[in-house]
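**Q** With chain A held as given, fit chains G and F onto it using these hints.
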Amino acid sequence: MSADTIIIIYWWLFTAAVVLGAVGTVSLRSLYHAALSLVVCLGGVAGYYVLLNAEFLAAAQIIIYIGAIMVLVISAILVSENVMGRQIVMVNRLVWPALVASGALFCIMVYANMRTVYAFNPEGPWLDSNVRQIGWSLMATYTLPFEVASLLLFMAMMGAIIISRRDKPGD
Amino acid sequence: MTEHIMMALLLQEGASLTFGQTMSLLGAFVATFFTEFGPRQFFTIGALLFCIGWYGVLVRRNAIAVLMATELMLNGVNILFVAFNRWWGLKITRAAFTSAEQVLSPVGQIFAIFIIIVAAAEAAVGLAIIIAIYRQIRSAKIEDVSGMKW
Amino acid sequence: MTGWMHNWAWLIPSLPLISFIVIIFFGYKIKDRASHLLATWMMMFTIAGAALMLLEKFTGAVTGPFIQAVPWVSVGDLIIPFTTFIDNPAAITLLMVSITAGMIHLFSQGYMKGDVRYSRFFALISLFSFSMFGVVLTDHFISFLIFWEIMGFCSYALIGFYIEKRSAQLAMKKAFIVTRIGDVGMILGIILMYYVGAPLRFSEMAAYFGHGEPHLSQIVVTAIGLLLFCGAVGKSAQFPLHVWLPDAMEGPTPVSALIHAATMVSAGVYLVVRIFPIVQASVVTLTVVAAIGAFTALITALVGLVMNDIKKVLAYSTMSQLGYMFLALGVAGYTAGVFHLINHAFFKACLFLGSGSVILGCHHQQDMRRMGGLAKLMPITFVTFLIASLSLMGIPPFSGFWSKDEILGSAFAWATEYGGAYWLLFIAGELVAFLTAAYMTRLLILTFSGKYRGNDEPSEDFIEDEAKLQVEQENWEIKKYDRSLGGLKTLYHEDEEHEDHGAHEHKPQESPWVVTAALIVLALFGGFFGLVGAVPIGITWWQGFIAFGHGHHAEVNWLVMGISTAMALGGVFVAYLIWGAKFAVFSRLYRTRPVRSLQNVLANRYYIDHFYDGVIIRNFTRLSKALWAFDIWVVDLIVNAFGAGTKMFSYAYAWFDLWVVDGLVNLAGYMWLGAKRCIRPLQSGYLQHYMLVLIIAAVLFWVVRYIF
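One line per chain: the protein sequences are A, G and F, in this order.
Counting from 1, position 71 in the first sequence corresponds to residue 71 in my numbering; the numbering is continuous, with no gaps.
Numbers in my numbering are just positions in the second sequence, counted from 1, shifted up by 1000.
Numbers in my numbering are just positions in the third sequence, counted from 1, shifted up by 2000.
So that you can see chain A by itself, here it is in the shape it has in the complex (with noise of 0.2 angstroms):
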């Protein structure tokens, strides 16, 4: 086998992942097993990114969405009552129009890849260390962006902690 053919095993087994994780978060009854196949789903992207020459960004989506946003969502998927009472209809009505329109959406997209024609690069990714490329652009280049960053999860946890507060008397 050839570099090209496991890159291909790999990224099939990658979009296993990914496809078939997305399918149960959207169609699994239990929340709680729709959350874990997000999980899965969000492991599969990971592998993607690993694919594309982006570890970094591989290792922060597992940390991050996997580690953190996952954990917050099946928390609060515990804090909530009715997750273990399996509700008898869980799809709205609106199954077969968002079907359709999804499945258009898809089939134009798929559409417009079909018939463009991809002119990229043939040379070599001019690879180098990828922490260090981040490092450096988010340091350097994009500071601003990045401290803006910052101060929107600062705000974002201040708003989720007070929205999720209890009515204190003292309010």
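Treat each hint with caution, since some may be false.
[Claimed, not checked] Here's a subset of chain A near chain G, in silico, CB distances under 10 angstroms, partners left out:
#1 L13
#2 L105
#3 F106
#4 N113
#5 D128
#6 A156
[What the hints assert, rightly or not] A short list of chain G residues far from chain A (calculated; beta carbon distances all over 10 angstroms):
#7 M1007
#8 T1018
#9 F1019
#10 A1124
#11 V1145
#12 G1147
#13 M1148
#14 K1149
[Stated by the list, open to error] Restricting the straight-line Cα-Cα distance to at most 30 angstroms, the calculated cross-link-like pairs of lysine-lysine (DSBU-like) are:
#15 F:K2625 x F:K2173
#16 F:K2625 x G:K1141
#17 F:K2173 x F:K2480
#18 A:K168 x G:K1141
#19 F:K2031 x G:K1149
No lab work stands behind these hints: they were computed from the structure.
For each residue, glycine too, the CB sits at the ideal point set by N, CA and C.
**A** Below, chains G and F without anything else, positioned relative to chain A:
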């Protein structure tokens, strides 16, 4: 190789293709999934994730499920960014931070990081809201929160 | 000052006008005393003014007729001015009117005392004086017409002064309508004059219609003259429009004196005097004037012989004398006519005021059957009355003799000149002199001689007459108020309340000084004014003063004088025989059938009133009822049909508006309602619906982009 077939098919003159040509194009397209490693495949998957996520947003009744579907959409977009970066990233010569002669500009990845950051913030706030609403109306179903109707 | 008064002549009518306006508008605030003072003093000023004007004419300060004009209406080449035209007849007439009116104002203070409508009376006679002065002074026919009509209105208002009395109401209507009929003729005459281009100003008529070149055909001149004479016939109560004057005695006595004896009825004669050039230009007109005058004089004198009401006798006497005046003018005796006009005004006013004094003394009793023996009880009244009566009868040397004689002289001269039927005029004139003396003597005997009969039992025919009036009044009250308010008994003066016919004795007393003073003044004028034209003192001068060349100068005719005096004395003698000495033969004669029926005919005034009522009035009433029916059923029907049609149209229009127009408008609204039903669900409030819409939009966008 199949990529070249596709390119050859696509680069024919004439804007519209005949049915046969479309079918052969389709076949080649599908074939590239198994033979090529290029942007085309990643774009397809990104689009697929996006659409599945949108479908989930439309269909699911529980608010947290809708949130999770939103995460799907965001991830799909992330894939797209990173894929673009891999194949169409800029060549930076004599970058300050490295000893190598030329490196790939990591802009797409930076953007994907920011998307992840924002997704985190949004998930936190969204869950806080859902919990607050849940406390109020004792239900996590989205269709119960329809105060902004006519 | 040369012509000073003439320049300010327009002040003379203005003074009573001011008095009228003040009393009418402020009569409630100023007391009775103030209103009569104002009115009377104004009249005194006018007397002074008129006298001054005459003086100016005498002294030759102003020679020739005087004209002063103020333009009032100017339309193209039609100019109607307010002008004064003062020639000698006008000046003399002005003096007569002012003296008479002034004395009557004075008299009214005594006669009308205690009446609740005292100030209104003075306002009305002031207005009347204003209009009479206007008639006398004015030059243009249109302004003459205006004043003429104002006089007619005042007469109407004053006859109906006691408006609650049914007889007064009927009388006021009758007076106004009958004179109006005459006025129609007069207005037609004015229109005809204007149409043929004759001048409408008295001052210019002499030149236009005079001897010389006749611009118009004889027929037109005759027509104009006859039409204008119609007005005189109406206003001066000549046959056939004489029926209103006896009924006009329903007004208070001063009114009868002023309007229906001295001034307004003279206005008809004055009219003929003013338009004399027109009348003289056509022999036909002259003859008609004279004939009507003579005929009226004769028939009314006969009726006056059988009247029982003192005022009615005097009314018929007035008509008779007016007939005399027209007779005079009709035989081209211009001077005689004017002379008699002036004289008659004075002594007739005196007679009326005297009768007023008598009535006052007898507690508002007008019937001669209940009077008598007043000569001793009311001496001043008796003496003045006697002088005025003698003047009227034409006994020398009082004024009436001179003027009457001149009339008869003119008639005689005319008859000798033209012969034939004109002798009838002269004979009629002499007969009237006889009759005048007769009825006046009867009046004097019944009123002043013998014993006072006011306290005796009333005779049967008196009770009958009174009952008739009472029934008429009560019937009208029942018709109007649904019940009788008591009839005539409740209508007299306030101090009449103690009146109790026959229950207690009362003696007539002499009237207050305001009454007697007026009587004395008028008697002086009435008795002796005529001496200015007396033969041989000043007749030529008088003729020269008045005539200005009109008419022909009559020489002294002793034959005529003798005949007329004989006639007058004969009348006195016969009346004395019948009513004074009361010979039995005459009483028997009285009871015979022919005399009785003659008496009835005369008493009913030849049944002319009945004729008018039955034939003319009834048919006019039928005609007006028919027209009313036509109006209600045809005209109103058409009008109401239009109304109903419009209403139906409006209903249709409303339907259209409601269903079509509003329908269209509502349709727009409903369209939106329908649209709303479709669009509203889009805003369901569900997040997922919104997202679906989003994705569909995106899909559509790309599809459309790819296809097109």
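**Q** Hint by hint, note whether the structure agrees.
**A** Hints, verified against the model:
Using the Cβ-Cβ criterion of 10 angstroms, the hint placing L13 of chain A at the interface with chain G is not satisfied: the shortest such distance is roughly 13 angstroms. Checking L105 of chain A against chain G by beta carbon gives a least distance of about 5 angstroms; that is within 10 angstroms, so the hint holds. Restraint check, F106 of chain A versus chain G: the minimum CB separation of about 4 angstroms is within 10 angstroms; hint holds. About 5 angstroms separates the beta-carbon of N113 of chain A from the nearest beta-carbon of chain G, less than 10 angstroms, and the hint is met.
Taken as an interface hint, D128 of chain A checks out: its beta carbon lies about 5 angstroms from the nearest beta carbon of chain G, inside 10 angstroms. Evaluation of the A156 of chain A hint against chain G yields a held restraint, the C-beta minimum of about 3 angstroms falling below 10 angstroms. Listed as outside the interface, M1007 of chain G is inconsistent with that label: its C-beta sits roughly 6 angstroms from the nearest C-beta of chain A, within the 10 angstroms cut-off. Against the 10 angstroms criterion, T1018 of chain G stays outside the reach of chain A, whose nearest CB is about 14 angstroms from its own CB.
With a least beta-carbon separation of about 14 angstroms from chain A, F1019 of chain G lies farther than 10 angstroms from that chain, consistent with its non-interface assignment. With 10 angstroms as the threshold on Cβ separation, the claim that A1124 of chain G sits away from chain A is violated: the shortest Cβ distance comes to roughly 4 angstroms. Here V1145 of chain G stays apart from chain A, with its beta-carbon at least about 13 angstroms from theirs, past the 10 angstroms limit. Every CB of chain A lies more than 10 angstroms from the CB of G1147 of chain G, the least distance being 17 angstroms, so the non-interface label holds.
Residue placement check: M1148 of chain G keeps its beta carbon more than 10 angstroms from all beta carbons of chain A (closest about 17 angstroms). Its beta-carbon lying about 15 angstroms from the closest one in chain A, K1149 of chain G satisfies the requirement of being farther than 10 angstroms from that chain. At roughly 19 angstroms between alpha-carbon atoms, K2625 of chain F and K2173 of chain F fall within 30 angstroms of each other, so this suggested pair holds. Distance check on the hinted pair: K2625 of chain F and K1141 of chain G sit about 95 angstroms apart at the alpha-carbon level, beyond 30 angstroms; violated.
Distance check on the hinted pair: K2173 of chain F and K2480 of chain F sit about 18 angstroms apart at the alpha-carbon level, within 30 angstroms; holds. Annotation: proposed proximity of K168 of chain A to K1141 of chain G holds, straight-line Cα distance about 26 angstroms (limit 30 angstroms). Only pairs whose Cα atoms come within 30 angstroms are accepted, and K2031 of chain F paired with K1149 of chain G is rejected, the gap being roughly 90 angstroms.
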